[in-house]
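Residue numbers (my numbering), protein chains in the order written: chain G, 1 to 175; chain L, 176 to 272.
Read the hints as simulated data drawn from the structure, not as lab findings. Please read all numbers here as calculations on a predicted model, not as lab measurements. It is possible that part of the hints are untrue.
What the hints assert, rightly or not - Straight-line C-alpha distance at most 30 Å; calculated BS3-like pairs for lysine-lysine:
| id | chain 1 | residue 1 | chain 2 | residue 2 |
| --- | --- | --- | --- | --- |
| 1 | G | Lys24 | L | Lys271 |
| 2 | L | Lys266 | G | Lys172 |
| 3 | L | Lys266 | G | Lys24 |
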Amino acid sequence: MIEVLFVLFAVVALGGAFGVVISKSPVASLLFMVATLASVAGIYVLFEAHFLAAIQVLVYAGAIMVLFLFVIMLLNLGHDYRADLRFGLWSLLAFVVAGLTAGVLAQGFMDVGDTGFREDGAAIAAALDEAAREEGVAGVIAEPLFTDYVVAFELMGLLLLVAIVAAVVLAKPRN
Amino acid sequence: MLTHALILSAALFVIGTLGVIVRRNAIVIFLCIELQLNAVNLAFVALSRYTGIEGQLYVFFVMTVAAAEAAVGLAIIISIFRHYETVNVDKFNLLKW
């Protein structure tokens, strides 16, 4: 059952990713991207990362994609149907880079095994399941987030503030 | 399933790389960068299942950075569009020789 779902999500994710790259209209690219993000969220659920799946749908597929759509609408690019794929030397370069990246990644992932490079992977997965039962799926992430990683968490807040101010300043018309 | 998830993650990353190189529309290039970030997130989540919860925390941070990056990047695209009236990256050639 899980394997079937995984294959389904993987096919939708890959198809969506191809759609992002090859579709002519930016709006279509964006909607393909939403399909990819949603199916990646489904794969997160299959790996028991329920909280991240929810965040992925809310923040990524919801907020960030709407931001993109809003900019496309604001700049009136929705009717831009000219194909803007590069051909010739550029596509050759693209395939060389893609091939090299795929090769490097395949080499890194080759000996991952079923338990992520580790002997005690299955035990860790069982411990995570147990913790999720006790503290809830959000609690498992929240506990280290607000203890060991609290400085990084606060810095994230600062980063978001800086990003908001920067976005307002950059997008404001000069006069 | 772990190996398959990592292969899927690699494939998504490679497609994102292809898109960044091949497309000319700045917004679509940006979408492809998000696709790459998402591919890395997928690898993080898949591996975190067997190595501890930290992987999911990093995904959380990556998502925050991606949100900040999207806001600033789109603001930059808007401000460039005001100047050039296009989002075709071939037209942004001030630093090109």
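Hint-by-hint comparison with the structure:
no., hint, verdict
1, Lys24(G) <-> Lys271(L), "holds (26 Å)"
2, Lys266(L) <-> Lys172(G), "holds (22 Å)"
3, Lys266(L) <-> Lys24(G), "holds (18 Å)"
Violated hints for the displayed structure: none, as all numbered hints are satisfied.
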